[in-house]
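Student: Sequence:
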Amino acid sequence: MFCTLRAHLLTGLLLFGLAGASTVWSSPVLAQDETAVAEAAPEASEEVVEAEEVAEAEVVAFDAADSAYTINTLIMFICAVLVLFMQAGFAMVEVGLNSAKNTVNILAKNVMDLSVGVILFLFVGFALMYPGEWLVDGYLGEPSSFVSRDNPEAPGDYSSSADFLFQVAFAATAATIVSGAVAGRMKFGAYLVYSALLTGLIYPISGSWKWGGGFLDAMGFQDFAGSVVVHAVGGFAGLAGAIVLGPRLGRFTSDGKSVPLPGHNIAFAALGVFILWIGWYGFNPGSQLTYAGAANAEATTYIALTTTLAASAGAIAALVTAWALFSKPDLTMALNGVLGGLVAITANCDRVAQWESLVIGAAGGALVVLGIMMLDKLKIDDPVGAWPVHGLCGVWGGIATGIFGDLPDGIETVGGFIMV
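Adding 127 to a residue's 1-based position in the sequence shown gives its number in this note's numbering.
Source of the hints: derived by calculation from the structure; they are not laboratory data. Hints may contain errors.
[Said to hold, decoys possible] Here are the simulated lysine-lysine pairs, DSS-like style, with alpha carbons at most 30 Å apart: (1) K228 / K314; (2) K455 / K506; (3) K314 / K506; (4) K384 / K228; (5) K314 / K504; (6) K455 / K384; (7) K228 / K504; (8) K455 / K228; (9) K504 / K384; (10) K314 / K455; (11) K337 / K506; (12) K504 / K455; (13) K314 / K384.
[What the hints assert, rightly or not] Label-pair distances were calculated between CB atoms; the ranges are: (14) S454 / F250: 32 to 42 Å; (15) A215 / G383: 32 to 42 Å; (16) A215 / S381: 17 to 27 Å.
Ideal Cβ positions, reconstructed from N, Cα and C, are used throughout, including at glycine.
Can you build the whole structure from these sequences, using the hints too?
Tutor: Set out below in structure tokens:
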């Protein structure tokens, strides 16, 4: 037993001695490590500073290269959504100003205007409107399919996808204008063919003459957001359809006297006009196309200002004109006056003074009333006033561009007509 106890005691002393030796021997090593760390600290600190500077430089480079692209793309997408939402406004105006029995047909046509228009504009229209090559120089572009993807190394001012969405919304607008002019008289299948031709061929080809660098652009023709390119094209296409189809039953008597066929829900029509007015803030300011930077931001908001002034002046002028001619105020005329003012300012909203936008919008509102009266005299049935609003005021907007405001260098006007 004594031997066992002695063995345990010796073992404990041995372990204690080893622990002490380990502490003594390890102390110089720790000291050396601390010295090495202290000596390396300045070098590590310099490396961290250099890494931070490199990272900051990369961030600055990223911002300079991509911030404008990002801002332009996102704002263009928002504007495209606003213009696409105008389809709801057109639908409400048409439903409100027509008989209740035509509601389903009108809504179906508006849905298919957009759906068919997107597909045809993707496969045919987009390339025809913005051709890389011309089949007939300045008049007919070479078609191709699908939207090209952006090059990450050189993305441009905005994404091709946002550009397509914005432009296809314009094409759908031109087609939907026709729907109002032929409401209640055109078979659904025939209308789809008409809409397809307009969005796939007619609008892209005529639009390329200005916005695609065609012969009108070479002549110095000015149309900022489409008074002529979009609205007049749709308005006159609608007028052609209304003439060919003839009037609705009961619209005119046998001796040619006009018989009003009031819409079934003026509240829907008013709601539609408000939706269109809001959507126009995508249509006109969105056509600035580049929004980053102080100059572009100021230009975009100024366009919104002139647009608002013209719409307001159009409503007042239409109401006053109708009141003077018919001895009573007419809400339908005032609503169409808003749209007439908006259409008229669309061509020149970027270049006219504020008082000029009031004149242009007021003239547009008055023209709507006079245009509706002229159609009645000619026994042409246009249930929503599509031609006076879009066709007549669209042409007025193009002429007003040559009368009012500043034009680019090298372009002059003679009697309201633009000359190079």
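Student: Now tell me if each hint is right for this structure.
Tutor: Cross-check of the supplied hints:
no.: 1; hint: K228 / K314; in the structure: 14 Å, holds
no.: 2; hint: K455 / K506; in the structure: 23 Å, holds
no.: 3; hint: K314 / K506; in the structure: 21 Å, holds
no.: 4; hint: K384 / K228; in the structure: 24 Å, holds
no.: 5; hint: K314 / K504; in the structure: 26 Å, holds
no.: 6; hint: K455 / K384; in the structure: 20 Å, holds
no.: 7; hint: K228 / K504; in the structure: 27 Å, holds
no.: 8; hint: K455 / K228; in the structure: 29 Å, holds
no.: 9; hint: K504 / K384; in the structure: 9 Å, holds
no.: 10; hint: K314 / K455; in the structure: 36 Å, violated
no.: 11; hint: K337 / K506; in the structure: 34 Å, violated
no.: 12; hint: K504 / K455; in the structure: 20 Å, holds
no.: 13; hint: K314 / K384; in the structure: 27 Å, holds
no.: 14; hint: S454 / F250: 32 to 42 Å; in the structure: 53 Å, violated
no.: 15; hint: A215 / G383: 32 to 42 Å; in the structure: 37 Å, holds
no.: 16; hint: A215 / S381: 17 to 27 Å; in the structure: 39 Å, violated
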